[in-house]
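Asker: Chain by chain, the residues run as shown.
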Amino acid sequence: MRLAWVIVFAGCSGGEPAAVDCRDDGDCPGISICTDTSECLAVDCLSSAQCGLNSFCDTTEYACVEGCESDVDCLSGSTCDTQTATCVETECVDSQLDCHFGDACNQDTGACETMTDLCSSCAGTDGTTCREEIGGECRWFTSGHYCLPPCSPFTDPAKHPRGFACMDFDGGDGEDFNLFGDCNAVDAYRNPDADTE
Amino acid sequence: MRWFPIPFIAVTLIAGCTEFNITDFEVVDTFVQDPTEEVDILVVIDNSGSMQGYQLLLGARFTEFISAFVDADVDYHIGVTTTTTEPVGPNESCRQEDVDQIPMPGQLAQNRYITTQSEDAEDIFAELVNVGTCGSGDEKGLEAARMALSPDMVAGPNYGFIRPDAALSLIFVSDEQDGSADPVHDYINDLYEVKGQRERGVVNASALVITDIDDCIVQPGGSSEGTRYVKVANEMGGITGNLCNVNFVEMVTQLSLNASRVKDTFYLSDWPDSATMRVFVEEDELLCQDEAWTYQQLEVDGELTPAIVFDRAEMPRSNARLAVRYDRGAGDLESFCPPVVEP
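Protein sequences, first through last, are from chains A and B.
In terms of this note's numbering, the first sequence has 24 at position 24, counting the first letter as 1, and numbering is strictly consecutive.
Just remember that this note's numbering sits 197 ahead of the position in the second sequence, which is counted from 1.
To be clear, the hints were calculated from the coordinates, so they are not data collected in a lab.
Using N, Cα and C, we set each Cβ at its ideal position, and we do this for glycine too.
Don't take every hint at face value.
Covered stretches of chain A, as calculated for chain B (at least 3 residues, CB under 8 Å) [claimed, not checked]:
no. : segment
1   : 25–32
2   : 99–110
3   : 115–126
4   : 177–190
Start from the sequences and build out the full structure, keeping to the hints where you can.
Answerer: Right under this line is the structure:
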């Protein structure tokens, strides 16, 4: 926070004080400051809240300048590199917040990744095994049968694909858990031009 | 929400000169009550099967909802849309005529909005908020907001609702997680873009959602925590409330304050000698002895922070410049507001 100390030597000789617009910033209207000559001066900004995103208030000049001095100056999904005063894209932390529907956050790389095993189409009836190599479970959704991969209930939900939860929907025996979510939505997102039944 | 003082100028007076005091105080914290004269408010309400009770509770609180706008003379538009972003059909619980009441995706409920001049606004608000429970069970509040505020909708079916110079507030009300397809940060940036990102405070968003399902008064079936809405509110200068365990009067009053941008609380830059504190709004001094404001120690991010809090009837109006002058001190509450000594 800028702290300007103004030392005033004035008015000790008696008589009327010199006319002043302001004693301090508190006397000035709107977005303006009190100058050393006790005049109110309109400025672009007094704080970064008065600037757009990807910019901040340079309080030496009281002007909005491009860049950042803290994370709140940046667009969502990016943070401020204070060394360079520029906004940089952040890595994902939680699939449910940071990734597209059906994608999962790889917390090691910080990138959202498409899970190709998720919601692949399968032929069969509800509950039959699909994709033997992964041991998925085939389930009917309104636009077809989709294969739901197995999962561990002990996995951090932030790592599950966006919109999916690890559930035991085979009677709750606590043995067979699968990633359950809206495969119609995943399919629609991945194949926006495809016709659905 | 935390409001810090703008950089201040501390003025030191050379002692021995009494005829021309620049100031007698060590610290001057100055603030501007946000220059918001117009606010457009989009309420995005979940219209899935479990929401009827919450819609009724909110719909009955119009007086509180506009209280801050009335107090500060802020011109408002209030529109409502739902979390249903795709057409739905009738089912065993919902007849065709019920489904027909659901606004088209992205459109305002009943194709209307409330203004400061609306007659019977209280009744209209209750009607608009009661969006029914026949909407999609795949609630997509963020997508719905983006659709409603898209250029095509703003210039088309929702024409007139969004004013170029007005601030924009969004309020999400849902008992389930947002099911919109994109990452939350995409929606946040798109919502800021509605106003061209000209000033970050121009757009804000709040969330009345389930924030802690274990804290619900009654465990709600089929509900889930709305962490995506909470992230939006946290990043967009809004407030959050736990839908399933909230005092609606208090919550709606806070929503009103937040949406109107009218602040009643201002955080100080330093601990004051509380006996020396004086508060000026523009030219006028407001006296603590008149109970126009109080000095408080409020918890912010886990730390006590000195603040002044205005009485609702005394809150500075839009654009008003506020100055808090004081000497530094221990910040004790006991010394605050000593009796006025008659000369």
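Asker: How about the segment 99–110 of chain A: do at least three of its residues have a C-beta closer than 8 Å to a C-beta of chain B?
Answerer: holds (count 3)
Asker: Are there at least three residues in the segment 115–126 of chain A whose beta carbon sits under 8 Å from a beta carbon of chain B?
Answerer: violated (count 0)
Asker: Quick check: do three or more residues in the segment 25–32 of chain A have a beta carbon closer than 8 Å to a beta carbon of chain B?
Answerer: Result for this restraint: holds, n = 7.
Asker: Counting residues of the segment 177–190 of chain A that have a beta-carbon nearer than 8 Å to any beta-carbon of chain B, does the count reach 3?
Answerer: holds (count 3)
Hint 3 alone, counting from the list given before, is not met by this structure.
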